[in-house]
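**Q** If you want the building blocks of each chain, they are given just below.
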Amino acid sequence: MGHHNYEDAIKGVYKGLFLLAVITLIEVFFSLAGKGYIGFLGFLEHASWAVYVVGFALIALSLYKAYFIVYEFMHMGSEVKGLRMTVLLPTLLLVWAVVAFFQEGGSWKTRRDVIKQRNEIQVKQAPQTGSLIKKLPTNDI
Amino acid sequence: MATDTSAVAHAHDTQGDESNWDGGAAPFKVSYGKLMMWYFLLSDAFTFAGFLIAYGAIRFSSPSWPVPDFVFRTAPFDNIGMGHETPLPLIFVTFMSFLLIISSVTMVRAVQEGHRENKNGVVFWMLLTVIGGAGFLGCQAWEWSNLIGAEHMTVTTNPFGTHVESGIYTAGDGHGINKGDTFDAGDSYLIHKGADGYNQVPYTTTAGETKHQEFGPKAFGALFFFITGFHGFHVFSGVAFLLIIMLNAASGLYVERKNGYEMVEKIGLYWHFVDLVWVFVFLVFYLL
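Keeping their order, the protein sequence lines are chains A and B.
Numbering of the first sequence is given in our numbering, commencing with residue 4 and proceeding in unit increments.
Numbering of the second sequence is given in our numbering, commencing with residue 39 and proceeding in unit increments.
Everything labelled a hint here was simulated from the structure, so no lab data went into it.
One should not assume that every hint holds.
Take a look, some chain B residues computed to stay more than 12 Å from chain A by CB distance [as the list claims (entries may be wrong)]:
1) Ser100
2) Phe108
3) Phe115
4) Phe274
Covered by chain A, per the in silico footprint, the following chain B stretches (three or more residues, Cβ under 8 Å) [unchecked claim]:
5) 75-87
6) 142-154
DSSO-like, lysine-lysine: derived pairs with alpha carbons at most 30 Å apart [to be verified]:
7) B:Lys72 - B:Lys304
8) B:Lys67 - B:Lys304
9) B:Lys231 - A:Lys84
10) A:Lys14 - B:Lys304
11) A:Lys14 - B:Lys217
12) B:Lys296 - B:Lys67
13) A:Lys84 - B:Lys304
14) B:Lys72 - A:Lys84
15) A:Lys84 - A:Lys14
16) B:Lys72 - A:Lys119
17) B:Lys304 - B:Lys157
18) B:Lys256 - B:Lys217
19) B:Lys217 - B:Lys249
20) A:Lys14 - B:Lys249
21) B:Lys256 - B:Lys231
22) B:Lys296 - B:Lys72
23) A:Lys18 - B:Lys72
24) A:Lys112 - B:Lys157
25) B:Lys72 - B:Lys157
26) B:Lys72 - A:Lys14
27) A:Lys84 - A:Lys18
28) A:Lys18 - B:Lys231
29) A:Lys18 - B:Lys217
30) B:Lys231 - B:Lys217
31) B:Lys157 - B:Lys67
32) B:Lys249 - A:Lys84
33) B:Lys231 - B:Lys249
34) B:Lys296 - B:Lys157
35) A:Lys112 - B:Lys296
36) A:Lys112 - A:Lys127
37) B:Lys256 - A:Lys119
38) B:Lys304 - A:Lys18
39) A:Lys14 - B:Lys231
Glycine included, C-beta positions come from ideal geometry on N, C-alpha and C.
Could you put together the complete structure from these sequences and hints?
**A** Here's what the structure looks like:
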């Protein structure tokens with residue numbers, strides 16, 4: 004992956020700048036279009052599928068930007084395989100974290116009423132026995 | 039105790055040869071410092087991921103969430119001279135992203151000049167990188183002061199709300215909402231703060247109920263300030279280290295090391311990582 008001569012290397016850097024800038028502009032365009040800001044795409048604001056299409060496109064473009072920064076700017080592409088794997092493979096754990104926690108978040112949303120209801124249930128007070136050490140009822144033993 | 043002179047001589051041969059980590063061959067064919075920078079960045083990535091995933095989980099759990107293009111619709115100098123009535127959704131934060139991208143590119147140039155042992159080139163491109171980073175921090179300072187001072191968002195109070203039903207306002211707020219204005223479910227609003235506190239404007243729903251504007255999800259302010267603050271602190275430390283290493287480079291310290299300005303390469307890795315994190319902060323806070 005290494006750049007062989009100086010002029011090519013410089014050209015590569017400015018190509019990278021152009022690429023990242025254009026991708027960022029496309030992302031902003033998609034984001035605003037999905038919210039109905041771009042005139043002729045105004046209908047997207049009310050299209051129920053738009054949020055998924057736009058969201059998927061934004062995530063894919065961001066992941067590509069991340070790949071580009073790590074492989075080109077940080078030269079991960081020219082490191083040996085062992086180094087690449089020890090840094091990149093652990094990040095795959097995050098895939099599960101995203102799936103699990105977003106699932107959990109969605110579950111809180113649907114269970115908000117139940118949680119609120121349960122939070123309001125009064126705890127039954129144990130009868131005061133006059134002693135700090137509570138005797139267990141014999142039938143509990 | 040008798041000294042094994044040959045062992046001492048051998049130790050001296052390899053001592054100070056940092057590129058080999060004193061073990062004959064460098065693991066992963068990189069210097070110790072560079073590998074540890076990679077592992078530090080990996081651990082830092084997990085910290086940021088933890089924050090961003092928490093943001094996602096809380097956002098998923100909320101019935102409504104402030105829309106970014108409504109919250110982030112302001113820019114300095116009275117919306118760049120267009121007046122505060124003209125919304126500029128995401129424009130300012132796009133400019134901030136460009137600053138970070140450009141400073142990442144100037145950092146790559148500094149590392150390249152380092153490989154050629156070109157001292158002046160390294161210092162010049164690092165200086166531009168520092169200016170880019172400082173510019174980003176300045177923009178963030180404006181963004182925060184606007185959110186805190188003008189829009190009155192705090193860690194525990196989020197004045198950015200979303201209507202869950204349509205209706206008609208029965209009073210104005212003196213900030214663009216007039217009596218008789220109508221709104222639909224999903225429309226965003228900002229509760230302005232006056233001398234008497236937050237002014238939650240009353241309205242009548244289409245079903246005929248009288249209600250007041252509700253505050254938005256409470257966690258929004260805390261998540262925003264903690265996550266962008268944590269990233270901003272990374273930018274700040276990056277600028278500080280860039281300055282130190284730039285001055286070291288200018289003083290000729292790295293010329294003597296003859297290792298292709300490896301210190302510049304290491305701070306470069308850190309600086310690109312800060313840009314990398316911003317890609318995801320930008321995605322979850324501003325784009326989605």
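**Q** Each hint: holds or not?
**A** Structure-based check of all given hints:
no.: 1; hint: Ser100; verdict: 7 Å, violated
no.: 2; hint: Phe108; verdict: 9 Å, violated
no.: 3; hint: Phe115; verdict: 20 Å, holds
no.: 4; hint: Phe274; verdict: 20 Å, holds
no.: 5; hint: 75-87; verdict: holds (count 7)
no.: 6; hint: 142-154; verdict: holds (count 7)
no.: 7; hint: B:Lys72 - B:Lys304; verdict: 6 Å, holds
no.: 8; hint: B:Lys67 - B:Lys304; verdict: 15 Å, holds
no.: 9; hint: B:Lys231 - A:Lys84; verdict: 56 Å, violated
no.: 10; hint: A:Lys14 - B:Lys304; verdict: 22 Å, holds
no.: 11; hint: A:Lys14 - B:Lys217; verdict: 59 Å, violated
no.: 12; hint: B:Lys296 - B:Lys67; verdict: 18 Å, holds
no.: 13; hint: A:Lys84 - B:Lys304; verdict: 19 Å, holds
no.: 14; hint: B:Lys72 - A:Lys84; verdict: 15 Å, holds
no.: 15; hint: A:Lys84 - A:Lys14; verdict: 27 Å, holds
no.: 16; hint: B:Lys72 - A:Lys119; verdict: 51 Å, violated
no.: 17; hint: B:Lys304 - B:Lys157; verdict: 16 Å, holds
no.: 18; hint: B:Lys256 - B:Lys217; verdict: 27 Å, holds
no.: 19; hint: B:Lys217 - B:Lys249; verdict: 14 Å, holds
no.: 20; hint: A:Lys14 - B:Lys249; verdict: 61 Å, violated
no.: 21; hint: B:Lys256 - B:Lys231; verdict: 16 Å, holds
no.: 22; hint: B:Lys296 - B:Lys72; verdict: 16 Å, holds
no.: 23; hint: A:Lys18 - B:Lys72; verdict: 26 Å, holds
no.: 24; hint: A:Lys112 - B:Lys157; verdict: 57 Å, violated
no.: 25; hint: B:Lys72 - B:Lys157; verdict: 21 Å, holds
no.: 26; hint: B:Lys72 - A:Lys14; verdict: 26 Å, holds
no.: 27; hint: A:Lys84 - A:Lys18; verdict: 26 Å, holds
no.: 28; hint: A:Lys18 - B:Lys231; verdict: 47 Å, violated
no.: 29; hint: A:Lys18 - B:Lys217; verdict: 53 Å, violated
no.: 30; hint: B:Lys231 - B:Lys217; verdict: 18 Å, holds
no.: 31; hint: B:Lys157 - B:Lys67; verdict: 25 Å, holds
no.: 32; hint: B:Lys249 - A:Lys84; verdict: 62 Å, violated
no.: 33; hint: B:Lys231 - B:Lys249; verdict: 18 Å, holds
no.: 34; hint: B:Lys296 - B:Lys157; verdict: 11 Å, holds
no.: 35; hint: A:Lys112 - B:Lys296; verdict: 59 Å, violated
no.: 36; hint: A:Lys112 - A:Lys127; verdict: 28 Å, holds
no.: 37; hint: B:Lys256 - A:Lys119; verdict: 16 Å, holds
no.: 38; hint: B:Lys304 - A:Lys18; verdict: 23 Å, holds
no.: 39; hint: A:Lys14 - B:Lys231; verdict: 52 Å, violated
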